[in-house]
Amino acid sequence: MESMSHLSDFELIVLLVLLRLGDGAYGVPIAQEMQEQTKREAKLGSIYASLERMEKKGLVVSELGEPTKERGGRAKRYFHVTKQGMRQIRETQRTLARLWKGVPELEGGRS
Amino acid sequence: MTKPESVEPPKLAKWLLERLSPQNEPLAGDLIEAFGRGRSSGWYWRQVFVAILIALPEHVRKHLTLFLYTATCSAVTSIAWYFMFPNAAHGSAFPRIFAVYARGYGIDWPWSFVYQIAFVTAFEAATVWAAVITCLAISHQLRLRNLLQAFPVVVVVLVISNVALPLFSGLLSNLQWFGWVIVSTPPAIAFILGNWKAKGSPGSLIKAKSV
Chain D
0 MESMSHLSDF
10 ELIVLLVLLR
20 LGDGAYGVPI
30 AQEMQEQTKR
40 EAKLGSIYAS
50 LERMEKKGLV
60 VSELGEPTKE
70 RGGRAKRYFH
80 VTKQGMRQIR
90 ETQRTLARLW
100 KGVPELEGGR
110 S
Chain U
0 MTKPESVEPP
10 KLAKWLLERL
20 SPQNEPLAGD
30 LIEAFGRGRS
40 SGWYWRQVFV
50 AILIALPEHV
60 RKHLTLFLYT
70 ATCSAVTSIA
80 WYFMFPNAAH
90 GSAFPRIFAV
100 YARGYGIDWP
110 WSFVYQIAFV
120 TAFEAATVWA
130 AVITCLAISH
140 QLRLRNLLQA
150 FPVVVVVLVI
160 SNVALPLFSG
170 LLSNLQWFGW
180 VIVSTPPAIA
190 FILGNWKAKG
200 SPGSLIKAKS
210 V
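Sequences listed follow chains D and U, in order. Take the first sequence: its letters are residues 0 to 110, numbered as in numbering that gives the first Met the number 0. Take the second sequence: its letters are residues 0 to 210, numbered as in numbering that gives the first Met the number 0.
In short, the hints are calculated from the structure, not lab data. Treat the hints with care, as some may be off.
[To be verified] Some chain D residues near chain U, calculated using beta-carbon distances under 10 Å:
{"id": "1", "residue": "Tyr-25"}
{"id": "2", "residue": "Ile-29"}
{"id": "3", "residue": "Ser-45"}
[What the hints assert, rightly or not] Here are the simulated SDA-like pairs of lysine to any residue, each with C-alpha atoms no more than 25 Å apart in a straight line:
{"id": "4", "chain 1": "D", "residue 1": "Lys-55", "chain 2": "U", "residue 2": "Val-75"}
{"id": "5", "chain 1": "U", "residue 1": "Lys-13", "chain 2": "D", "residue 2": "Gln-34"}
{"id": "6", "chain 1": "D", "residue 1": "Lys-42", "chain 2": "U", "residue 2": "Val-59"}
[As the list claims (entries may be wrong)] Okay, the calculated bits of chain U under chain D, using three or more residues with CB under 8 Å as the criterion:
{"id": "7", "stretch": "48-54"}
{"id": "8", "stretch": "79-87"}
Using N, Cα and C, we set each Cβ at its ideal position, and we do this for glycine too.
Full structure from sequences and hints, please.
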């Protein structure tokens, strides 16, 4: 079986946000969606650093869009999750589900 | 989202981002776009600060020789300054230089303060100057014009930091060894900016060495 390195919390959140946004996943909406879902301010620098690390690992791919006036003539960078990225998400989900099971403190929905 | 304070993002933050995180144009575009949609200047500054902080290890890795050289020069300056003062264990390592410094004890305030700032600046400028000259010599760029370009930058950085640091002397003494690191940074900053001004690039020492 191919060994996979585990995703960090932040990487998992970023990947799930990319899936939620689909084709429109670039910096601004990624940060907005992360903030809405996690209720914490997301720093664009951290998001890009994480995406670049994951691109090197083959979990995401990126492509540049057209430069726009609204962005001071700078292009958008769109990100997509690769098949390898999808496998990694599912593997992390399975690992978390296994860890969740059989822990009495976490069963029954009590805090 | 908060109401925008102006249409343009803070110029200094934008300038810093372009120079210290130059590889990330889409990030710069995202920040401009979000600012245009109503983000505050404070938000913009926080984002730029984090982006620069994240890019810093890459800068250090890329210009490692320069950073090590800068840290060494800065440490040598601080050690020389420490050993200039006589104490119970040993006398001054540089008694003649210390004698010049000690003349300031007999001057009334505020001129004693001015004398002290001038002395510290001259002391640090001498080591920074030696470091800049060495760098220019290594890269075969040792010319009077380059030295004259770097001179005002070095002096201005050292004067500003030497005037500012005594204001925080109480805080710095509480920081113990980290306070010592902060006190050692002005010569390092003066060297980096002086070298940058003289050669047009902060990392050109590395290029010259690796050729």
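Going down the list of hints, with the structure as the test:
1. Hint status for Tyr-25/D: holds, given a least beta-carbon distance of 7 Å to chain U, under 10 Å.
2. Among the interface hints, the one on Ile-29/D holds; its C-beta lies about 9 Å from the nearest C-beta in chain U, closer than the 10 Å criterion.
3. Taking 10 Å as the C-beta contact cut-off toward chain U, the hint placing Ser-45/D at the interface holds, the least distance being around 6 Å.
4. A threshold of 25 Å between alpha carbons decides the hint, and for Lys-55/D with Val-75/U the separation of about 40 Å lies outside it, so the pair is violated.
5. Straight-line distance between C-alpha atoms of Lys-13/U and Gln-34/D comes to about 23 Å, which keeps the hinted pair within the 25 Å bound.
6. Restraint check for Lys-42/D and Val-59/U: the C-alpha separation of about 22 Å stays at or below 25 Å, so the hint holds.
7. Only residues whose C-beta sits within less than 8 Å of a C-beta in chain D count toward coverage, and the stretch 48-54 of chain U has 6 of them, enough to reach three; the restraint holds.
8. Residues of the stretch 79-87 of chain U with a Cβ under 8 Å from some Cβ of chain D number 0, which does not satisfy the need for three, so the listed coverage is violated.
Of the hints listed earlier, those the structure fails to meet are numbers 4 and 8, in rising order.
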